[in-house]
Amino acid sequence: MTMPDQPKTNGNAVAAATPPDSQWPLWEVFLQPPKGAAHEHAGSVHATTAEQALQNARDVYARRGEAVSIWVVPSVVITASTPDDMGPFFDPGNDKPYRHPQFYKVPQGVRVF
Amino acid sequence: MTAPAFFDYLVRLGDDRLVLGHRLSEWCGHGPILEEDIALANVALDLVGEATLLLKLAGETEGKDRDQDALAYFRDATDYRNALLVEFPKGDFAFTIVRQFFFSVFSLLQMQALQQSNNAELAGIAAKAVKEAKYHVRHSAQWVVTLGDGTPDSHARAQRAVDELWRYTGELFMADDVEADVVAAGLGVDPSTLETAWRAQVDDILRRATLTVPAVNYMQRGGRAGKHTEHLGHMLSEMQIVARSHPGASW
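Sequence order for the protein chains is A and B.
Mapping of the first sequence onto the working numbering: residues 8 to 120, in sequence order.
Mapping of the second sequence onto the working numbering: residues 297 to 547, in sequence order.
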């Protein structure tokens, strides 16, 4: 078994996401609660390989029937928004009410929904 | 088939798992990294859980009003029937992992075969244990390869563990009158029939781990007859002291 290369991304995000301590690389863990549902973020584990990350995720997060499937993703490949992005990213644009579905009246004939 | 043989057989199955489970539990709070600490504790809990079911069934088979706790906490080392392999102190992480790998591969084969037991309860326990043992094999095999094919230090430690433990693997496959009786009754499995498959799996992982099997032509036995190393007595004194100091206590 050989160690896979550390996942690489471009930019400063890599340095910022590298753990500052002597721990193994960090992996984000996503669990699928029941079949058909979407995977949800559960937490993170340290591991040196993908297989080890999967096993650690199982041991730490999925020992009591919480999941039917696990994803593990190297934390360094995740690009995250920053608090500075709050305004431009998430301001809902309340000045443009036509962007919200509530703006539109449902025709009288539609009762199914 | 004599009932005592089935009792003895169940005690052998249970003691292997109880003793190894306890040895693994000694890592709790001492694991090399948090995640592995939890993993080892999980495996320990699986094994102790299997032992609980097996010793409970043993007590019922015996019919002398001994339950799983009586068998676990109120037998002395000479009455324990585990293989010597599982009773050695936990050693370093490589020692624990190599031993766990040797035993888990054996346990998976044994439990797979025991699913066919004529005793429905034992077959049920085996079916549960198979799922657990599959994970134990996957976990320990991954670590054997990581350590063996790792740094010079981890390789040396893993090889030393293989060298030290190899002569105790043979006892897992030795059968005597107890196995002969339970096999004849369709209750148990002859462990000697598992050795070829065990060796093939072990060889495959050791090869990937760049580890070699030592040239040993003598296999030590004794545990199945109650002839243990000094280590088991020390372990049991720690494991049993609370139950013996407060007999009948519940919490």
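Be careful, since some hints might not be right.
Simulated pairs of lysine-lysine, DSBU-like, Cα-Cα distance not exceeding 30 angstroms [as the list claims (entries may be wrong)]:
{"id": "1", "chain 1": "B", "residue 1": "K352", "chain 2": "B", "residue 2": "K523"}
{"id": "2", "chain 1": "B", "residue 1": "K427", "chain 2": "B", "residue 2": "K386"}
{"id": "3", "chain 1": "B", "residue 1": "K430", "chain 2": "B", "residue 2": "K360"}
{"id": "4", "chain 1": "B", "residue 1": "K386", "chain 2": "B", "residue 2": "K360"}
{"id": "5", "chain 1": "B", "residue 1": "K352", "chain 2": "B", "residue 2": "K430"}
{"id": "6", "chain 1": "B", "residue 1": "K427", "chain 2": "A", "residue 2": "K42"}
{"id": "7", "chain 1": "A", "residue 1": "K42", "chain 2": "B", "residue 2": "K424"}
{"id": "8", "chain 1": "B", "residue 1": "K360", "chain 2": "B", "residue 2": "K424"}
{"id": "9", "chain 1": "B", "residue 1": "K360", "chain 2": "A", "residue 2": "K42"}
Short, incomplete list of chain B residues facing chain A, as computed with Cβ under 10 angstroms [unchecked claim]:
{"id": "10", "residue": "E331"}
{"id": "11", "residue": "I334"}
{"id": "12", "residue": "A335"}
{"id": "13", "residue": "Y431"}
{"id": "14", "residue": "W439"}
What the hints contain is simulated information worked out from the structure, not anything from laboratory work.
Virtual Cβ for every residue (Gly too), placed ideally from N, Cα, C.
Taking the hints in turn, this is what the structure says about them:
Our distance criterion of 30 angstroms between C-alpha atoms is met by K352(B) and K523(B), whose separation comes to about 23 angstroms. Using a Cα cut-off of 30 angstroms, the hinted pair K427(B) and K386(B) holds, with the two alpha carbons roughly 24 angstroms apart. Restraint check for K430(B) and K360(B): the C-alpha separation of about 34 angstroms exceeds 30 angstroms, so the hint is violated. Annotation: proposed proximity of K386(B) to K360(B) is violated, straight-line Cα distance about 34 angstroms (limit 30 angstroms).
At roughly 23 angstroms between alpha-carbon atoms, K352(B) and K430(B) fall within 30 angstroms of each other, so this suggested pair holds. Taken as a hint, the K427(B) and K42(A) pair is honoured in the structure, with Cα atoms around 20 angstroms apart against an allowance of 30 angstroms. Under the criterion of a C-alpha separation no larger than 30 angstroms, the hint pairing K42(A) with K424(B) is consistent with the structure, at around 22 angstroms. Between the alpha carbons of K360(B) and K424(B) the distance comes to roughly 27 angstroms, so the proposed pair stays at or under 30 angstroms and holds.
Taking the CA atoms of K360(B) and K42(A), the gap is near 47 angstroms; set against the 30 angstroms cutoff, the hint is violated. The closest approach between the C-beta of E331(B) and any C-beta of chain A is roughly 4 angstroms, which is under the 10 angstroms cut-off, so the hint is satisfied. With its C-beta approaching chain A no nearer than about 5 angstroms, I334(B) sits inside the 10 angstroms limit, and its interface hint holds. The criterion of a C-beta within 10 angstroms of any C-beta in chain A is met by A335(B), whose closest approach is roughly 4 angstroms, and the hint holds.
Hint status for Y431(B) relative to chain A: holds, with the closest Cβ pair at about 8 angstroms, below 10 angstroms. Contact between W439(B) and chain A, as hinted, is supported at the beta carbon level, the nearest pair being about 8 angstroms apart and thus within 10 angstroms.
When the structure is compared with the earlier hints, violations turn up for hints 3, 4 and 9 and for no others.
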